[in-house]
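Enquirer: Could you slot chain B onto chain A? The hints should help.
Residue numbers (the working numbering), protein chains in the order written: chain A, 1 to 234; chain B, 1001 to 1591.
For the record, the hints were derived by calculation from the structure and aren't laboratory data.
Note that this is a predicted model, so its numbers are computed, not measured.
One or more hints might be untrue.
Simulated crosslink set (EDC-like; lysine to aspartate or glutamate; CA at most 16 Å straight-line) [unchecked claim]:
no.: 1; chain 1: A; residue 1: K27; chain 2: B; residue 2: D1564
no.: 2; chain 1: A; residue 1: K183; chain 2: A; residue 2: D114
no.: 3; chain 1: A; residue 1: K183; chain 2: A; residue 2: E198
no.: 4; chain 1: B; residue 1: K1262; chain 2: A; residue 2: D79
no.: 5; chain 1: B; residue 1: K1553; chain 2: B; residue 2: D1564
no.: 6; chain 1: A; residue 1: K183; chain 2: A; residue 2: D116
Covered stretches of chain A (in silico footprint by chain B; criterion: 3 or more residues with CB under 8 Å from a CB of chain B, positions within the stretch not fixed) [to be verified]:
no.: 7; segment: 116 to 125
no.: 8; segment: 208 to 215
Just so you know, even glycine gets a beta-carbon here, dropped at the ideal spot from N, CA and C.
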Amino acid sequence: MSAIILFTAGIAAIAGWWLSQQRLAAKPWLEEGAIGDFRGGGASSLPASKIGLGVFLAVVGSLFALFISAYSMRMELIDWRSLPVPRLLWFNTGILIVSSAALQWAQVAARRDDGDGVLLGLLAGGVSAVVFLIGQLLAWQQLNTAGYFLAANPANAFFYLITATHGLHLLGGLVALGRTTVKAWRGVETPRLRLSVELCTMYWHFLLLVWLVLLALLTGWADDFAAICRQLLT
Amino acid sequence: MVDVPSDVLVGIPPAEVGEVDLYHPRSWWTRYVFSQDAKVIAVQYSVTAMAIGMVALVLSWLMRLQLGFPGTFSFIDPSQYLQFITMHGMIMVIYLLTALFLGGFGNYLIPLMVGARDMVFPYANMLSYWIYLLAVLVLVATFFVPGGPTGGGWTLYPPQSILSGSPGQEAGIIMMLLSLILLIIGFTIGGLNYVVTVLQARTRGMTLMRMPLTVWGIFTATVMALLAFPALFVASVMMLLDRLLGTSFFMPTLVEMGQQTKYSGGSPLLFQHLFWFFGHPEVYIVALPAFGIVSDLISTHARKNIFGYRMMVWAIVGIGALSFVVWAHHMYVSGMNPKFGFFFATTTLIIAVPTAIKVYNWILTLWRGDIHLTIPMLFALAFIITFVNGGLTGLFLGNVVVDVPLSDTMFVVAHFHMVMGVAPIMVVFGAIYHWYPKVTGRMLNEALGRFHFWVTFLGAYAVFFPMHYLGLLGMPRRYHDIGETAFVPASAHDLNAFMSVAALVVGFAQLVFVFNLIWSLSKGKESGGNPWGATTLEWQTPETPPAHGNWGKELPVVYRWAYDYSVPGAKRDFVPQNEPPTRLAPQGVHP
Chain A
1 MSAIILFTAG
11 IAAIAGWWLS
21 QQRLAAKPWL
31 EEGAIGDFRG
41 GGASSLPASK
51 IGLGVFLAVV
61 GSLFALFISA
71 YSMRMELIDW
81 RSLPVPRLLW
91 FNTGILIVSS
101 AALQWAQVAA
111 RRDDGDGVLL
121 GLLAGGVSAV
131 VFLIGQLLAW
141 QQLNTAGYFL
151 AANPANAFFY
161 LITATHGLHL
171 LGGLVALGRT
181 TVKAWRGVET
191 PRLRLSVELC
201 TMYWHFLLLV
211 WLVLLALLTG
221 WADDFAAICR
231 QLLT
Chain B
1001 MVDVPSDVLV
1011 GIPPAEVGEV
1021 DLYHPRSWWT
1031 RYVFSQDAKV
1041 IAVQYSVTAM
1051 AIGMVALVLS
1061 WLMRLQLGFP
1071 GTFSFIDPSQ
1081 YLQFITMHGM
1091 IMVIYLLTAL
1101 FLGGFGNYLI
1111 PLMVGARDMV
1121 FPYANMLSYW
1131 IYLLAVLVLV
1141 ATFFVPGGPT
1151 GGGWTLYPPQ
1161 SILSGSPGQE
1171 AGIIMMLLSL
1181 ILLIIGFTIG
1191 GLNYVVTVLQ
1201 ARTRGMTLMR
1211 MPLTVWGIFT
1221 ATVMALLAFP
1231 ALFVASVMML
1241 LDRLLGTSFF
1251 MPTLVEMGQQ
1261 TKYSGGSPLL
1271 FQHLFWFFGH
1281 PEVYIVALPA
1291 FGIVSDLIST
1301 HARKNIFGYR
1311 MMVWAIVGIG
1321 ALSFVVWAHH
1331 MYVSGMNPKF
1341 GFFFATTTLI
1351 IAVPTAIKVY
1361 NWILTLWRGD
1371 IHLTIPMLFA
1381 LAFIITFVNG
1391 GLTGLFLGNV
1401 VVDVPLSDTM
1411 FVVAHFHMVM
1421 GVAPIMVVFG
1431 AIYHWYPKVT
1441 GRMLNEALGR
1451 FHFWVTFLGA
1461 YAVFFPMHYL
1471 GLLGMPRRYH
1481 DIGETAFVPA
1491 SAHDLNAFMS
1501 VAALVVGFAQ
1511 LVFVFNLIWS
1521 LSKGKESGGN
1531 PWGATTLEWQ
1541 TPETPPAHGN
1551 WGKELPVVYR
1561 WAYDYSVPGA
1571 KRDFVPQNEP
1581 PTRLAPQGVH
1591 P
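Pulled out of the complex, with its shape left as it was, chain A reads as follows (with noise of 0.2 Å):
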C-alpha cells in the first residue's frame, strides 16, 4: 500500500499548504463586519472547472496509485511471471508524448489567438491520441498471440487491467477533447474555446504522466524504487 499512502501524503501536503493559506486561526467569532480586510474571503481566481479537472485529476491520480499499490504487492507472490514488454509500447509512448506536446500547441496558440493554429494542434493532439489507442490495442494482440493470456498470471492480467484503465481514460478525454475540435472547426471565437483547450491540454500532461508512471511500473524499472519503498516501511 506504499504507493497510495505516498499519493495520498502527497494530496494531504497540498491541502495543507492550501489550508494554511486560509487562515484557519482566525477568531471569526471577533471579526465581524465587511470582509474587504479579512484575507481569504473570496474564491480562488481560477474558473471553477479548472478547480473541478484539478480535483478530478487527484481521484485519478488515487486509482491509479491504488492500481499500482495492488501490483507491487502482488508481485510479492510466487507464481508472478513477468511478461515481456513488446516494443510497440516505446512507439506508443512516442505517440502519446507527441500528442501532449501537439495540445500544448495548441494552448500556446490559443492564448495568441491563433484560431487556425488551435485547429491544427487539437487535431494533431486527437488523432495522435487515436493512434495511441490503436497501438495499445495492437500490443494487446501481439501479447495475445504470443500466449500471454489475461487470465494465465497475475502479471498478464494487472498488464491487461492497467493499459485498458489508462486507454479508457484517454477515451474519456477524446470525447472532451473532441467536442472542442468541433467547436474549432465551426469557427468559434478563439478566447471562447481558451478555457477548455488548456483544460483538455491539462488531463492530456496528466495521462501523460501517469503513463510514464506506469510504463516504468511494467518495465521493471519501478521495481528497484518498490524495493526501497518496502524496505523503508518493513
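Expert: Then chain B, alone, in the frame of chain A:
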C-alpha cells in the same frame, strides 16, 4: 432579505467570481424529474436513499426474527440469512448513509449555506443522481436474479464471496460489484461538485472560518470520499475480473467441491487492504457530516455559540487526515504482519483525541446554554450519548489484545451499530426535523416526532446495548442458528428474543416517521422562513422553500460567523450571518 444601510457596503469588494448562468427549466420534467437544481436533486437523493433504507430495515427484521426465534420461521434458511446480512450492511452503510449525508444534505445545504445559487456544475449534479439511482436499481434487481443477492458479507471478502456455496455466487455478486462501480462513478461526479462549490462559489464575506460546521463536515467528508472510493472501485473491478474472466488477483489456489479451481496464487489479503483503505475512511465519511450537522443543531437549539469553533474545524480536518492511516485495525485477525497491528492500534488511539475534543466541545456548548428540548435537540443529545458509547467500545476493539478474542462476536456488531448505525441515524433524524421546514415550508408534527424520538432512542438501546453482553459471552456473529453451546447460557436466548421484539418496535416507529413526513407536507403547521431563529444563510432566503436560484436578485453578503447566538446587547437572541454590523469596525484593527 435584510436591508443593508448603504454606508456598510462601502469597502466591500465586488464578487470575485461572476454569477453563474443558471439553468432555467422549461417544463415539468426538467423542473422536477431531470432537474439540475441542487435542492430538487437533494430531495431525489434523500427519498431514494430512504426508500432503499426501508428495504434494509425489513432485512434487519428478518434477521432479528431468525436470531430471536430460531427455528420458528422456516422460510429463512441459512443462505437467505447470509443474504439478508450482506444486503442490510451494504445498503445501510453505502446506499443509505453515504448517499443521504453527501447526496441529500450535501446537495441541499452546501449551496444554501455558502450563499451560492446552485452547485457549480448543475448538469453533472443531475447526472450524479441518475447514476446513483441506476446503482440502486441494479442492487434491488439482485433480489430477483437466480440465486438471489450475494451472501458474502458486506465486506465481500474473497475467496468465499465468489465461490460456489456462497449464496448469490451466480449473478448476485456480479451485479453487486457492478452496482458499486456505478455508485462510485456517480458519487465521484457529485463529489467534485460539492468540493468545487465550497471552494469557488462562496458568497462575499463567507471566509472558510465563517462557514457553518455542517459545510466543513460535508466538505471534508467529500474530499475523503473522493480519495477513498477509488480503493473500493479497484477492488470491485479486480474481483469482477476474478469472477468473470478467471484472473487470480485475489483468488488463491484452492479446491472447490473436490475440484481444483482455475485460480492460483491470488491474495485475499490484498482485497482486505483495498477494501479497508476505503472502508475505514467510509466510517468518517458518514461521521464527519454528522459531526458538522450536530454542532449546528446543538448551537441553534441551545441558543449558544459553538464552543471552540476553531478547534472543531481543526478536529474535522485532523480526523479526515488520520482516518487514512487506521484501516488495518479491521484486519488484526487477517494474518497480516503483527507489527502492522501495533502501528494501527496506535493511530486508532490517536484519532480518538480529535474526536474526544469534539465531544467535549458539544458538551461545553450545552453548558449554561438556553437549551430548547426541541426534537432536533433531542436527537442531537441522543447522538452524543450514543457516539460516546460506540466510540468507547471502539477504543477497546482498536487494541489488538482485546480485539482478537472479540473478533467475529456480537460485540463488534454492537460496537459498529452504536457508532456507525444508531449515532449517524440520530443525526439524520435530527437534521430532517430541523431542515424539513426549510425544504417544505411546514413543520413536522411535534407529537408524532416526540413519539418517534423516544421509541427510536430507547428502542435502539434495547436492541444494541444487550448485544455487547452477548458478544462478551462469545456469541459469534453471522450465525444463522447458534444452537446449543456450552458457553452460551439459556438466558442469552431470552435476551436475543427481547432484542428482536425491540427491533420490530423500533422498525414500526419509523413508519410513524414516514407518515409524519408525508402528512406534514400538506397538513403541517406553516413554519415561516426561520422557525428556529437560526443564524445560517439557508434560513435567510427571501422565499421558503427557497426558489430556483435561492437568493432573488442579489446574493447575500456575509458579515459574521455562523454562531452569533445570545450576543450581549443584541436585539434578538440570534444575529443572522448576513445582518450587517450596527457600526463598522475601524479599518485595519483586528483583535
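Enquirer: None of the hints should be skipped; say for each whether it holds.
Expert: How the hints compare with the structure:
The suggested pairing of A:K27 with B:D1564 holds, with an alpha-carbon distance near 13 Å, which does not exceed 16 Å. As the CA atoms of A:K183 and A:D114 are separated by approximately 14 Å, the hinted pair is consistent with the 16 Å bound. Restraint check: the Cα-Cα separation between A:K183 and A:E198 comes to about 14 Å, which is no more than 16 Å; the hinted pair holds. The suggested pairing of B:K1262 with A:D79 holds, with an alpha-carbon distance near 14 Å, which does not exceed 16 Å.
For the hint pairing B:K1553 with B:D1564, the CA-to-CA distance comes to about 26 Å; that exceeds 16 Å, so the pair is violated. Between A:K183 and A:D116, the direct Cα distance comes to roughly 12 Å. Compliance with the 16 Å bound is thereby established for this hinted pair. With a threshold of 8 Å between beta carbons, the proposed coverage of the segment 116 to 125 of chain A by chain B is violated, since 0 of its residues qualify and at least three are required. With 0 residues having a Cβ less than 8 Å from any Cβ of chain B, the segment 208 to 215 of chain A misses the three-residue criterion, and the hint is violated.
Hints 5, 7, 8 from the list above are not met by this structure, while the remaining hints are.
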